[in-house]
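Q: Using the sequences plus the hints, can you model the full thing?
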Amino acid sequence: MSVLVYVEQAEGKFKKSVFEAVSYAKAIADQQSTNLTAISIGDVAESELKELGKYGASKVLNVSADQLKTFVNQAYASVIAAAAEKEGADIVVLSNSFSGKGLAPRIAVKLKAGLADGAVELPSTDGKFTVKKTAFSGKAFAITELTSANKVIALNPNAFGVKESATDAVIENFAADIKQSDLGTVIKDIVRATDKVSLPDAELVVSAGRGLKGPENWGMIEELADLLGAATACSKPVSDADWRPHSEHVGQTGIAISPNLYIAIGISGAIQHLAGVSSSKVIVVINKDPEAPFFKVADYGIVGDAFEVVPKLIEALKAHKG
Amino acid sequence: MKILVCISNVPDTTTKITFTNDNTEFNTSGVQYIVNPYDEIALSRAIELTEGGKGTVTVINVGEAANDPTIRKALAIGADDAVRVNAAPRDAYFVAKQIAEYAKDKDFNVILTGRESIDYNGNQVAAMVGEFLDIPSVSIIKKLTFEGDTATIEREIEGGKEVLTVSGKFVASCAEGVAEPKIPNMRGIMSARTKPLTVVDAVTIEEVSKVTKYETPAPRGTVKLIPADQTEQLINLLHSEAKVI
Numbered sequence: 432m433s434v435l436v437y438v439e440q441a442e443g444k445f446k447k448s449v450f451e452a453v454s455y456a457k458a459i460a461d462q463q464s465t466n467l468t469a470i471s472i473g474d475v476a477e478s479e480l481k482e483l484g485k486y487g488a489s490k491v492l493n494v495s496a497d498q499l500k501t502f503v504n505q506a507y508a509s510v511i512a513a514a515a516e517k518e519g520a521d522i523v524v525l526s527n528s529f530s531g532k533g534l535a536p537r538i539a540v541k542l543k544a545g546l547a548d549g550a551v552e553l554p555s556t557d558g559k560f561t562v563k564k565t566a567f568s569g570k571a572f573a574i575t576e577l578t579s580a581n582k583v584i585a586l587n588p589n590a591f592g593v594k595e596s597a598t599d600a601v602i603e604n605f606a607a608d609i610k611q612s613d614l615g616t617v618i619k620d621i622v623r624a625t626d627k628v629s630l631p632d633a634e635l636v637v638s639a640g641r642g643l644k645g646p647e648n649w650g651m652i653e654e655l656a657d658l659l660g661a662a663t664a665c666s667k668p669v670s671d672a673d674w675r676p677h678s679e680h681v682g683q684t685g686i687a688i689s690p691n692l693y694i695a696i697g698i699s700g701a702i703q704h705l706a707g708v709s710s711s712k713v714i715v716v717i718n719k720d721p722e723a724p725f726f727k728v729a730d731y732g733i734v735g736d737a738f739e740v741v742p743k744l745i746e747a748l749k750a751h752k753g
Numbered sequence: 004m005k006i007l008v009c010i011s012n013v014p015d016t017t018t019k020i021t022f023t024n025d026n027t028e029f030n031t032s033g034v035q036y037i038v039n040p041y042d043e044i045a046l047s048r049a050i051e052l053t054e055g056g057k058g059t060v061t062v063i064n065v066g067e068a069a070n071d072p073t074i075r076k077a078l079a080i081g082a083d084d085a086v087r088v089n090a091a092p093r094d095a096y097f098v099a100k101q102i103a104e105y106a107k108d109k110d111f112n113v114i115l116t117g118r119e120s121i122d123y124n125g126n127q128v129a130a131m132v133g134e135f136l137d138i139p140s141v142s143i144i145k146k147l148t149f150e151g152d153t154a155t156i157e158r159e160i161e162g163g164k165e166v167l168t169v170s171g172k173f174v175a176s177c178a179e180g181v182a183e184p185k186i187p188n189m190r191g192i193m194s195a196r197t198k199p200l201t202v203v204d205a206v207t208i209e210e211v212s213k214v215t216k217y218e219t220p221a222p223r224g225t226v227k228l229i230p231a232d233q234t235e236q237l238i239n240l241l242h243s244e245a246k247v248i
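Each protein sequence line maps, in turn, to chains A and B. Every letter in the first sequence is one number past the one before it in the numbering used here, and letter 145, counting from 1, is 576. Every letter in the second sequence is one number past the one before it in the numbering used here, and letter 218, counting from 1, is 221.
Take the hints with a grain of salt, since some may be wrong.
What the hints assert, rightly or not - Distance condition first, Cα-Cα at most 20 Å in a straight line; then the derived EDC-like pairs of lysine to aspartate or glutamate:
(1) K246(B) <-> D632(A)
(2) K543(A) <-> D137(B)
(3) K5(B) <-> D83(B)
Everything labelled a hint here was simulated from the structure, so no lab data went into it.
A: Set out below in structure tokens:
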């Protein structure tokens, strides 16, 4: 019995959400009084793999087959499930990232495992093995019991935090048996905006709505986000009107996020929007309508016109940063 | 082209979510149900791809008879026929197994779902169906086009997108961007009443998970209002009180 964590690489590097998944998996391994093994697929330097030890992985399986250099969820799932079986791991942990969402269900079926995705806390192992996960788009949590012998857990980014646990990680090459039929999808192109903070991983998010009146007014939102090192987001009417890309739409039918700080500017706070952001740790609302429902769920609020308040906020932030 | 679209029956997006029976059951009283909004996107794309005699669209739902109005709504939007697997859905694993069992000998070229259902937010069914059928699956797609037997797909990744191709049968879960949701017209609503809705029995499978209890998020304290001309005060509070910047 052990715990296996899949560590997703992007261009040979691990992101914070990966170290968070390792920290979380290490805490589960401690609960179960067992060891944590990590599995990495693709080209990652040994020094980067060693980093996983810092967060508690005592062994790292390195898979560097040519056919697996880019993501193919079918083949990756086969490799991870095979590693779980070989290692005798009955709990598989991964980050609930875009790729993780495609992988976890396939791994679960292969291992005949119950899957808790969108986990926000450590499992409770008091008699039953239960995991708290988001449900109803952030309007509730579902305590889900995994009744199967094998279990798969996908952790929501920014839900657990990165925790160091100095361990010396042993790196082992893992020879994957790759079936041709597992390579049905072929990647043609990857486009990544490297200069921007990705929204699902962001610790700070600046979001704006219809109150901004038009796409030409987003300059100040981007300036504020850049100063904070925050990602930008928007409400549904804004992405529906093509003022901003769909990938920025947060809310019930967009993406759900849980940053440390969410600043909502010119967003009234419809129930569908609140659903996607209510698990943010701190919420700031800037709106000229004092009756805007968003103020009811905010920690800090400024009643005022965005076009006056935001430039002042930028000035104050510049002064604060010195 | 034969397309199967998996639809979920979910509470309307404006629903206030509450629970009963010591927070072990979702309170369905007064709740309006709709076709899961992402499944509508998948359905709309399926209709676009098959319009003009280029193929057929079947919708499938795993649920009890109470779901029939939602299934009829999908037929009104433009699906050709519908199947309901008669069972109370237990979890995504159960639902995916039922769909895979139905689809395995039906020769669908493509199986589409929404990126997630807005009740359990799983995004599990598409990839699980792919695994049960041993065919490729692509999750959270933004664009889907075909050239002959080869599909070109854009998939969302952190901070960008990935473009990939897949030939032969596959499963995909659709997000915004794949299609504009279609709204049923009067002719669609009339014809939906007579389109075939077949009910099939569920297969039994082992239980792997179950929800034991629900919780609602802890209410926040009262908002601290800061005068509009004192933005530096907000920065100070975020720095020294909330400690987030």
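Q: Now tell me, hint by hint, if it's right for this structure.
A: Quick rundown of the hints versus the structure:
| no. | hint | result |
| --- | --- | --- |
| 1 | K246(B) <-> D632(A) | holds (19 Å) |
| 2 | K543(A) <-> D137(B) | holds (15 Å) |
| 3 | K5(B) <-> D83(B) | holds (11 Å) |
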